Amino acid sequence: MLYSVVNPPPFVDARAELTAPKQEKALLETAVNLLVPSATGDGEFHGPSINEFFPDVIFFADTPFEINRIILIRFLSVAVLMLVFWLGTRRMKVIPTRMQSIAEMGLDFVRVNIAEDLLGKKDGRRFLPLLTTIFFMVLFMNVTGIIPFLNIAGTSVIGVPLLLGVISYGTFIYAGVKKSPAKFFRNSLFPPGVPPALYIIVTPIEFISTFLVRPVTLTLRLMMNMIVGHLLLVLFFSATHFFFFTADGGFKLFGAGTLVFGFAFTLFEVLIAVLQAYIFALLTAVYIQLALAEEH
Amino acid sequence: MLHAVIAAATEEAAPNPLIPEIYDIIWSAVCFVVILFFFWKFALPKMQKLLDDRAEAIEGNIAKADDAQRKAEAALEQYTAQLVGARAEAGQIRDQARTDGQRIVAEHKEQASAEANRIAATAKTQIEAERQAAVVSLRSEVGTLAIDLASGVIGESLTDDAKASAIVDRFLAELEATELEATSNASTASTAGKN
Chain A
1 MLYSVVNPPP
11 FVDARAELTA
21 PKQEKALLET
31 AVNLLVPSAT
41 GDGEFHGPSI
51 NEFFPDVIFF
61 ADTPFEINRI
71 ILIRFLSVAV
81 LMLVFWLGTR
91 RMKVIPTRMQ
101 SIAEMGLDFV
111 RVNIAEDLLG
121 KKDGRRFLPL
131 LTTIFFMVLF
141 MNVTGIIPFL
151 NIAGTSVIGV
161 PLLLGVISYG
171 TFIYAGVKKS
181 PAKFFRNSLF
191 PPGVPPALYI
201 IVTPIEFIST
211 FLVRPVTLTL
221 RLMMNMIVGH
231 LLLVLFFSAT
241 HFFFFTADGG
251 FKLFGAGTLV
261 FGFAFTLFEV
271 LIAVLQAYIF
281 ALLTAVYIQL
291 ALAEEH
Chain B
1 MLHAVIAAAT
11 EEAAPNPLIP
21 EIYDIIWSAV
31 CFVVILFFFW
41 KFALPKMQKL
51 LDDRAEAIEG
61 NIAKADDAQR
71 KAEAALEQYT
81 AQLVGARAEA
91 GQIRDQARTD
101 GQRIVAEHKE
111 QASAEANRIA
121 ATAKTQIEAE
131 RQAAVVSLRS
141 EVGTLAIDLA
151 SGVIGESLTD
161 DAKASAIVDR
171 FLAELEATEL
181 EATSNASTAS
191 TAGKN
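If you're matching them up, the sequences are chains A and B in order. Counting from 1, one number per residue, gives the positions in the first sequence under our numbering. Counting from 1, one number per residue, gives the positions in the second sequence under our numbering.
Isolated chain B, as found in the complex (with noise of 0.2 Å):
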């Protein structure tokens, strides 16, 4: 049909396009080679080089950014340090102050037994003392009571009742007054003791 209408207007033997034509390769291989040549030395290169130039930045874009974190690690590191460094020293300052109160605490209170005792002390000397000079006064004194009341005793007449009682009276009256005088006597004693 169609074959037929086209075979009719067939003047001429129509070239197979499976056989190329000389001029068909030479001319494809000139411009196959210029496209090669183009991108191999010009083309190709120029992008591998913008290829490399682009990692590279970005490489020095992450290398940048890993310093930095570093170092701001290595501060934290440091101001972790430092407070660690600083409450060791707190703590160790609290010791030291804890002890250093104990301490006074234990002097003191050694200060005020060793004060306690040697007031008791001095008293027991001075109560001791005192005894002592009672115990003196007091020999003496009963003895010249005894003398006296003996001597009153022979002096006077027994005999009287009235007389009695007040002879006995009066010694009592002054064995008082002596002992009145002997413990004033002793206070004085003991204050000059004290002294």
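Chain A extracted, bound-state conformation (with noise of 0.2 Å):
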């Protein structure tokens, strides 16, 4: 019941009719979904829904503090993110170890390619903390959309996008504001080098994209990356279910398709998977960066 389908948002139903070829029209009504499967098993094709980003509740029904699959899911990413982190920095030494290698080389890229690279030493230096957290909780809950059993992203609810950037967008006021209050507005909303006139165009432009749209883009991102991820996985996996044990002769052939597709979009995955992770570490560095530079 609560896996079945429903009226999803549009872009689901867009991405739903591009991915689905004529010939699986009809095959559809009688597939199986293999994440999901329906409760009745009446051999019946179910289409992935955008009700599997909203399971039963397991824990603390009916309070603020709800716990479902998806928050259990969440907890494993931060507690695998905690402890391999925490034995790669436990005993440190000048000459590392291999674990010591791993953590280092992680946190080195943050510390190095996004936050020195963008913002100097000093200004690196003070938000690294920030920065590390958000690369990090972004990529270990985006990875668990293709780990067997887990199979979706803890960031393809909207709570953990919308928070950092919420974050993201509350940091780079707040470095503005303290650095020069003044400045900071007027380089964001009255851009140096604009003739005065233009002013009138370029303000509520300005406005809207540093104000509004930044941590809506930020937020929207990262988690329709990983909800379209999730069904495109979803959608082939079932197919290939489909194809595989309901459909008869010929049609079996085409689940082969579904299934390289399945698992070539798997490794896909795990390339948007660090590339959303570190998109939205970077642009949250930029915009940081932004709001401390003395001059557009």
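Hints were generated in silico from the structure; no laboratory data involved. Take these hints with a grain of salt, some might be off.
Unchecked claim - Cβ-to-Cβ under 8 Å is the rule here; a few derived chain A residues that face chain B:
hint, residue
1, N51
2, P64
3, F65
4, E66
5, V78
6, M82
7, T89
8, L107
9, P129
10, F136
11, V157
12, L162
This structure is a prediction, so every number in the text was calculated from the model and none was measured. Cβ coordinates follow ideal geometry from the N, Cα and C atoms, glycine included.
With the hints as a guide, bring both chains together as one complex.
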């Protein structure tokens, strides 16, 4: 019941249309959803739906502290993340052990390629804890999307992307205001080098792009990537299951195709997971840098 | 198409994925705070300490290498200075030897010429003395001879040619004999003068 298919939002619909070939149309009616099998087990194909991102409550139902499967997956991500870095940084030596090398590589990536590269040594160090947290939180929660038996990204529900987007937003405003409030708002809203008359147009645009669009794009980019990735994988693998076990004769061959695609997209999702984490942390650093810059 | 199929199965209203649930936000925040705290207070300070240690180790090694190089340079300088000193000393010694040699040679030359002069002077004096002795003896001899000759001439008859020539011969023989005697006397005198 909870997994049943409902009116998806337009983007889900569009993607489903896009990825479902014409032949599948008829088959869909009798297909089976692999990852979230229907309770009835009637052999019908249930396409992936948005309800997958709102699974059954497991603990604390009807309180503000409800815990469902996705929240548990997030907890697991946090636990694994802390375990990895706890093991890696527990006894650090000048000549690193294997585990330490991995932790160092990860932390150095954020420190050098994101924080110090964009913000310089001093400011980079100031914002390093935040940027590191954003990068690894997003990364570890993204990766659960392709880990067997978890199969859904912790970032595919709006809570984490929204929270991080708001934190990123708050941070760059804090950085700018702390440095020089007047300069920050003047640079943000009245960019220098523009003829004064054009401020009538430029200022509203700058206001919208800086103070409204930034957090929204950060949030939606991450969440949508994860939702769509999940839906794609579910679609491929449920279709594979359907072709192999329910479809007749020649249609079974389609299963091989969808399986290959599912596998390919699984690998692609690894890339997406890393890339989205990088983009989120990088953009946060860029926004902070712009807020700290003397002139745009 | 697909939409219709999916719509047909609809049993309840779909939640809007853009509207966050309270529990979603709360647990996200908990996760965030935990991770932030972990990185801020645990992982990153350790990492920073490691980086500092590593930098220190590298700097320490560099300083050590610098020190070694400085020492080597100092030693080299010292050796060079010593070498220069030794060379200067050798030069000095050589110069000294040269001057000494020149001085010695000059001294010897001087001594030799002085000796030669002295010998020449002695010889001259001796010759002079001998000449003086010869003159003196000759003078007395000639006088005696003249007297002897005169007395001979007067004592004999000079008319006989044979007698006259015999007288002259005798005279000459006597003269020669006296001359020989005078010479031997003179040489004896010169030897005595030398000593």
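Each hint tested on the structure:
no.: 1; hint: N51; verdict: holds, 6 Å
no.: 2; hint: P64; verdict: holds, 5 Å
no.: 3; hint: F65; verdict: holds, 6 Å
no.: 4; hint: E66; verdict: holds, 4 Å
no.: 5; hint: V78; verdict: holds, 5 Å
no.: 6; hint: M82; verdict: holds, 5 Å
no.: 7; hint: T89; verdict: holds, 4 Å
no.: 8; hint: L107; verdict: holds, 5 Å
no.: 9; hint: P129; verdict: holds, 4 Å
no.: 10; hint: F136; verdict: holds, 7 Å
no.: 11; hint: V157; verdict: holds, 6 Å
no.: 12; hint: L162; verdict: holds, 5 Å
Hint compliance for this structure: no hint is broken.
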